[in-house]
Amino acid sequence: MAEKKKTTIVLFSGDYDKVMAAYIIANGAAAYDHEVTIFHTFWGLNALRKDEPITVKKGFLEKMFGKMMPKGAEKMAISNMNMAGMGPKMIKKVMKKHNVMPVSELIDMAKMQDVKLVACQMTVDLLGFDQSEIMDGVEFAGVAAYLADAEDGNVNLFI
Amino acid sequence: MAEKKKTTIVLFSGDYDKVMAAYIIANGAAAYDHEVTIFHTFWGLNALRKDEPITVKKGFLEKMFGKMMPKGAEKMAISNMNMAGMGPKMIKKVMKKHNVMPVSELIDMAKMQDVKLVACQMTVDLLGFDQSEIMDGVEFAGVAAYLADAEDGNVNLFI
Amino acid sequence: MAEKKKTTIVLFSGDYDKVMAAYIIANGAAAYDHEVTIFHTFWGLNALRKDEPITVKKGFLEKMFGKMMPKGAEKMAISNMNMAGMGPKMIKKVMKKHNVMPVSELIDMAKMQDVKLVACQMTVDLLGFDQSEIMDGVEFAGVAAYLADAEDGNVNLFI
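Chains as they are written, first to last, in this note's numbering: chain A, 1 to 159; chain B, 1 to 159; chain C, 1 to 159.
This is chain A alone, in the form it adopts within the complex (with noise of 0.2 Å):
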């Protein structure tokens, strides 16, 4: 039997264009039945953040990160446009009219389809996140274990 295709995104961008660019291509791998994995790091670690006020212990410029970014792809910007706000409502708005899922029903919709998603620890740390404030069903790791998947791949990106 052939062994299975890999596709290894690394999401780095907090935007909420590429974010979707990110979920738009790992869902297509999933359902041509690559084994797919997203590593999120950086501002692309906001994507797996719950939205809801979770209470964590934090320093102050951890609280600070913390407040600033976005909670979940849905409250974030996009890269291009931006307009204040307006850009974002403007997108969404065409994605609907277009039957184009939301982000974060690309992201359920990942989930659904066992792609695999990893929350970089290092950024976790460097953030001052809590595991706790992640969404479920989310691995941490680091570098190696990114490249360990990525070696093998068949699509590697950088987002």
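I should point out that these hints are in silico values taken from the structure, not numbers from a laboratory. Incorrect hints may appear among the rest.
Unchecked claim - Once the Cα atoms are required to be at most 30 Å apart in a straight line, the calculated DSBU-like pairs of lysine-lysine come out as:
1) C:96 <-> C:63
2) C:6 <-> A:4
3) C:96 <-> A:71
4) C:4 <-> B:6
5) B:92 <-> A:4
Position chains B and C against the provided structure of chain A, taking the given hints into account.
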């Protein structure tokens, strides 16, 4: 006979400098006899827009997108030191001085070298383009076509 | 004996956080015994600039580029939440707290691990650099050399 090597680029960005990097790599790979595909999605699609007035009936949002986004690569901003449009002028000046082709010519060269230029159909729909607004010789396809090219690829990049 | 795995990164970005991601992946891959190349192009070239005054005769535009762009990674801005320079300071503070190396040390580590650092010759010409302004131990090459490394690569990324 050995199979041809494959280079497949997702061009997501609509920044002049990133589009330039994508087309330089694509033309280089084609010169080395790779089979090359550039899949233009989101803002990268603007590189393929015709720079002429085209009359298409559109809704309000679509008309607005059409007006605000650049018509072709030469109208794009750069990702860094754009300085209200002075940056692109400075870059183009030094490019001319060092005999580096402008992006519009890099695109022509890519076509002559049979680089496959693909426009992401979902983006065409989302941003409200009509196929008549996209330059000739471009294919329209979705993520499945991208994956079919990328999964056997040697060089896969997301730009 | 099995051939070495290969990781080849195009570093296009001149943002501190993206350069950091590139060098963390590169150092990780080198530790796992990959043959690693970082090809510095466009703004990514600034990561290799010496941070000392160097006297080179230049034209007006080249002088201006030289003055406006950061001299080495530690002078770079971050891609998100830069806040007029406060962001990099905050990030560096939490990096220190969590024993994450600053990028300048990640570059030193990469050199010690024999990561091949390449400066894109076209960018050197375009931005008007003299080779004496680039740190020692760096090779100068073009897209052909990049492709020769990348086409047999296991992990190819554009950052």
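Going through the hints against the structure:
1. C:96 <-> C:63: Not OK: residue 96 of chain C and residue 63 of chain C at ~34 Å, beyond 30 Å, violated.
2. C:6 <-> A:4: Within the cut-off at roughly 21 Å; holds.
3. C:96 <-> A:71: Holds, because 25 Å separates the two Cα atoms, which is no more than 30 Å.
4. C:4 <-> B:6: holds (21 Å)
5. B:92 <-> A:4: The hint is violated at about 46 Å.
The structure fails to meet hints 1 and 5 from the earlier list, while all remaining hints are met.
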